[in-house]
Amino acid sequence: MNVKDILKEIKGNLLGLVGEKFEDLKSESKKDVQDFLDASKEKLERWTLFLASGAITPEEYKWLVESQKDLVVLKGLYAAGVSKIKLGHLKNSILDTVINTALGMVLKPNDTEENADA
Amino acid sequence: MKTRFYTTYLMALAFLIVTSCGSLKKAVFDQYSYQKGTEIKVDALRLMDKSSMEYSSQTAAIEHLEAELAKIVEYEKNKPENKIGYAMWKMIANPDKKFIAGYLKMWKEKGTVSPVFIDEAKGQVSEALDLILQYEGKKDPAAENKLKQILGLQ
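Residue numbers (our numbering), protein chains in the order written: chain A, 1 to 118; chain B, 119 to 272.
Extracted from the complex, chain B is given alone in its bound form (with noise of 0.2 Å):
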């Protein structure tokens, strides 16, 4: 009798937990965004390498990044749970921050940027992204995929 009631009781508590629990629901880790994140890490800071040329000599980078970003920004838009995702990446993107989207800006008004600049910007840009990455990598897909396990969803 007494057992009966304290797994009634476990159940219960069990359940008010998993349906009061809203961070389930967050966006879980996704090999994608992360795998996408580092490419455009890596592309962004060779293409600042070469900043110190003329802008109109890179057109064809340039214009793949920008699309690479564009397309990280739509797909974070529409996963699930993903608001805090999704306005990281929109900072990235928008020319007016002075991130990757704001140092094209720049150096398409400039022609050209000085070297000291390149690698100080270089560390910024590169800081902002690492935080994004940073955010998906602590999205633990173990912890997850064992919960989906427990209640039975794997």
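Bound conformation, chain A alone (with noise of 0.2 Å):
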């Protein structure tokens, strides 16, 4: 197996996920990817080193290549869930905001009903 391939398809399977080119990511996202793509090389440089070396069989090497795959998965799903839960926090705060306007305006003492009646 090569490291460049291996990268290539790692990365072409979190950009399938993120559902957009890496051109077009928020700067946020951008760096969330290419971290886990930096990380990802220097993994698969260290393994293919164990490998020449004889410090893991072949089998233990795929294992770990298989392994960094299925965490793409794994990041993929914790990202959506994520985006899931920040929407859910920034709708509360507006709800919030929402309310603390109307009660204020409800428990102003001279409103301006109040001062066309005067």
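Check each hint, because a few of them may be wrong.
[Claimed, not checked] Using 25 Å as the maximum straight-line C-alpha spacing, the simulated DSS-like pairs for lysine-lysine come out as follows: (1) B:Lys201 / A:Lys75; (2) B:Lys226 / A:Lys69; (3) A:Lys84 / B:Lys201; (4) B:Lys201 / A:Lys69; (5) A:Lys84 / B:Lys195; (6) B:Lys240 / A:Lys62; (7) A:Lys69 / B:Lys228; (8) B:Lys195 / A:Lys75; (9) A:Lys62 / B:Lys228.
Simulated from the structure, these hints should not be mistaken for laboratory data. All values reported here derive from a predicted model rather than from experimental measurement.
Given two chains presented individually in distinct reference frames, assemble the corresponding complex, making use of the accompanying hints.
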């Protein structure tokens, strides 16, 4: 297995999960994808050296490479879950602001209605 | 008059947010899931340290961990609005995926594994379990409780 080919496959899978081209990603997501790819590259190079020196067997090497590919899927699930949570927090903040504003108006001592009556 | 109009408008807006807010139905932070996940991670990594020994010498600990994995998957499956958490745990517990269950499968097939492989595989298993724990940790119980208070659900 060639490290370059494996990395290309991992990048393809990762972008497939994110559903966008790398260039179109927002800076935060871009950094996340790039960090994961850098970490993958580092690991793949290390595992290839271990394989060449006989420290791990070809079967163990294959297991590790596949585990990195499985991590891509898990990372995709995590990213989807976190976006959903962030959206929930944003909606909660909006709701909080709306309710507080409404309560503020109701509890205001000298509102416009009283001023109009005066 | 103006105040009444704005109040009605804001209340209507709040109602719309509440009723359209699908994410409010998401699984809330679950102390049990977080604690169980942490225990599984610690047990899994400790067991992996012993995989330079024969698989058959550790069957009790392996069966215990497999049972814990089965239990958390079942628990996550039945939690409401928890498709993502459930999918993540299902991957961890799947012997065909290369996480802890896949590691145990390989150990069983080979009998023992090499020390370098143990260290590298531990990193992978640890990273996967950390993602689940971080996902659970991202669910903010304070925000959920505050919202429930505002809505009079607590």
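Status of each hint after checking the structure:
Between Lys201 (chain B) and Lys75 (chain A), the direct Cα distance comes to roughly 15 Å. Compliance with the 25 Å bound is thereby established for this hinted pair. Pair hint Lys226 (chain B) plus Lys69 (chain A) holds up; C-alpha atoms about 22 Å apart against a cutoff of 25 Å. Using a Cα cut-off of 25 Å, the hinted pair Lys84 (chain A) and Lys201 (chain B) holds, with the two alpha carbons roughly 12 Å apart. Straight-line distance between C-alpha atoms of Lys201 (chain B) and Lys69 (chain A) comes to about 21 Å, which keeps the hinted pair within the 25 Å bound.
Under the criterion of a C-alpha separation no larger than 25 Å, the hint pairing Lys84 (chain A) with Lys195 (chain B) is consistent with the structure, at around 19 Å. Taking the CA atoms of Lys240 (chain B) and Lys62 (chain A), the gap is about 15 Å. The hint holds against a cut of 25 Å. Using a Cα cut-off of 25 Å, the hinted pair Lys69 (chain A) and Lys228 (chain B) holds, with the two alpha carbons roughly 22 Å apart. Restraint check for Lys195 (chain B) and Lys75 (chain A): the C-alpha separation of about 19 Å stays at or below 25 Å, so the hint holds.
With a CA separation close to 14 Å, the supplied pair Lys62 (chain A) and Lys228 (chain B) stays within the 25 Å bound.
Going through the hint list in order, the structure satisfies each hint without exception.
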